[in-house]
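Keeping their order, the protein sequence lines are chains A and B.
The opening position of the first sequence corresponds to residue 65 in the working numbering, with each subsequent residue numbered one higher.
The opening position of the second sequence corresponds to residue 6 in the working numbering, with each subsequent residue numbered one higher.
Just so you know, the hints here were simulated from the structure itself, not pulled from any lab data.
It is possible that some hints are incorrect.
Distance ranges between label pairs, derived from CB positions [claimed, not checked]:
1) A:193 / B:83: 33 to 41 angstroms
2) B:100 / A:67: 18 to 26 angstroms
3) B:96 / A:145: 34 to 42 angstroms
4) B:60 / A:67: 48 to 56 angstroms
5) B:100 / A:209: 30 to 38 angstroms
6) B:60 / A:88: 36 to 44 angstroms
7) B:109 / A:120: 37 to 45 angstroms
8) B:109 / A:68: 47 to 55 angstroms
9) A:223 / B:102: 40 to 48 angstroms
10) A:139 / B:10: 34 to 42 angstroms
11) B:46 / A:68: 50 to 58 angstroms
12) B:10 / A:93: 31 to 39 angstroms
The model shown is predicted, which means the values in this text are computed figures rather than measured ones.
Beta carbons are placed, not taken as given, at the ideal position from N, Cα and C, and that holds for glycine.
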Amino acid sequence: MSIIQIIFLLLSVMAVGSALMMITSKNPVNSVLWLIVVFFAISGHYILLNAQFLAIVNIIVYAGAIMVLFLFVVMLMNLNAETEPVKNRRLQLIGITSGGALMLIIVSAISKIDVEQLVQINAGDSGLIKVLGMNLFKNYVLPFEISSVLFLSAMIGAVVIGKKEEIENKK
Amino acid sequence: MDIKAYIILSLVLFTIGIIGVLVRRNAIIIFMCVELMLNAVNLLLVAFSKMHALSSAAKASANFASDAQIFVFFIMVVAAAEVSVGLAIIVMMYRNVHTVDVNFLNRLKN
């Protein structure tokens, strides 16, 4: 077993284990923290694939910005294990069974096919900032500009939804 | 590494996200499971892009393998916009019904 396979296995176990802890922990704050661990494991996978730009962006945007927003909302609402709503046992069992069946079927179907395609590990320059930047600003300028409009509309939408209460009170 | 290992890992993460959406009732946790599913797809896209980097077509064009990573970048952009609006909606819902239980959102049923 080579060192690459060992690192891959470690990161995979870390990602899957933390994801399982996320959906099973009672306290929402713990769920947010476990999801951050999942994002760090996925960033480790990106570094292993030599996609350095995406690894850094994943940590900054997901673990840094989005999860802080989640944590902020959870703490703002003062959610904890006591206020956590619990689904009844039957529905939980049905959900786990159907999800597990989906996973079992697709994994067994994937492992049957005999495609021997290899993935380039820890080499290649397609994930470097220079190549990605050249591609983004040469071929994908229009989507890049449209995404700024998307952000503006999302920002305005969040402010409008957040201020709705006050407008109703004035009427 | 074999591409199959990455496909199976992404599938497992994606199905954990699906099970989370089905099992939990807290709206914030359901939202986090959606983020987990998006990340599983991102990981698979990057693995496929690095698989294509080994093909013969990648030698002809420098941008060939980085297209999928641009795509992942745009998925992250859309996810960030989605989270800001979604959390605003959840805060709004908490203000009105004082809970984040999604089972309280059944007023359209009757």
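* Asked: Between residue 109 (chain B) and residue 68 (chain A), is the Cβ distance one that fits in 47 to 55 angstroms?
  -> holds, 49 angstroms
* Asked: Has the hinted range 50 to 58 angstroms been met by the Cβ atoms of residue 46 (chain B) and residue 68 (chain A)?
  -> violated, 23 angstroms
* Determine whether the Cβ-Cβ distance between residue 193 (chain A) and residue 83 (chain B) falls within the hinted range of 33 to 41 angstroms. => violated, 21 angstroms
* Look at the Cβ atoms of residue 139 (chain A) and residue 10 (chain B) and judge whether their distance stays inside 34 to 42 angstroms. => holds, 38 angstroms
* Between residue 96 (chain B) and residue 145 (chain A), is the Cβ distance one that fits in 34 to 42 angstroms? -> At roughly 21 angstroms between Cβ atoms, residue 145 (chain A) and residue 96 (chain B) fall outside 34 to 42 angstroms, so the hint is violated.
* Does the Cβ pair residue 60 (chain B), residue 67 (chain A) satisfy 48 to 56 angstroms? -> 25 angstroms Cβ-Cβ, so the 48 to 56 angstroms window is violated.
* **Satisfaction of the hinted span 36 to 44 angstroms by the C-beta atoms belonging to residue 60 (chain B) and residue 88 (chain A)** => holds, 41 angstroms
* Asked: Within 18 to 26 angstroms or not, the Cβ separation of residue 100 (chain B) and residue 67 (chain A)?
  -> violated, 52 angstroms
* Asked: Holds or violated: 40 to 48 angstroms for the Cβ distance of residue 223 (chain A) and residue 102 (chain B)?
  -> At 22 angstroms between Cβs, range violated.
* Has the hinted range 31 to 39 angstroms been met by the Cβ atoms of residue 10 (chain B) and residue 93 (chain A)? -> Holds - the Cβ-Cβ distance for residue 10 (chain B) and residue 93 (chain A), about 33 angstroms, lies within 31 to 39 angstroms.
* How does the Cβ-Cβ distance of residue 100 (chain B) and residue 209 (chain A) compare with 30 to 38 angstroms: does it lie in that range? -> holds, 35 angstroms
* Taking the beta carbons of residue 109 (chain B) and residue 120 (chain A), is their distance inside 37 to 45 angstroms? -> holds, 40 angstroms
The structure fails to meet hints 1, 2, 3, 4, 9 and 11 from the earlier list, while all remaining hints are met.
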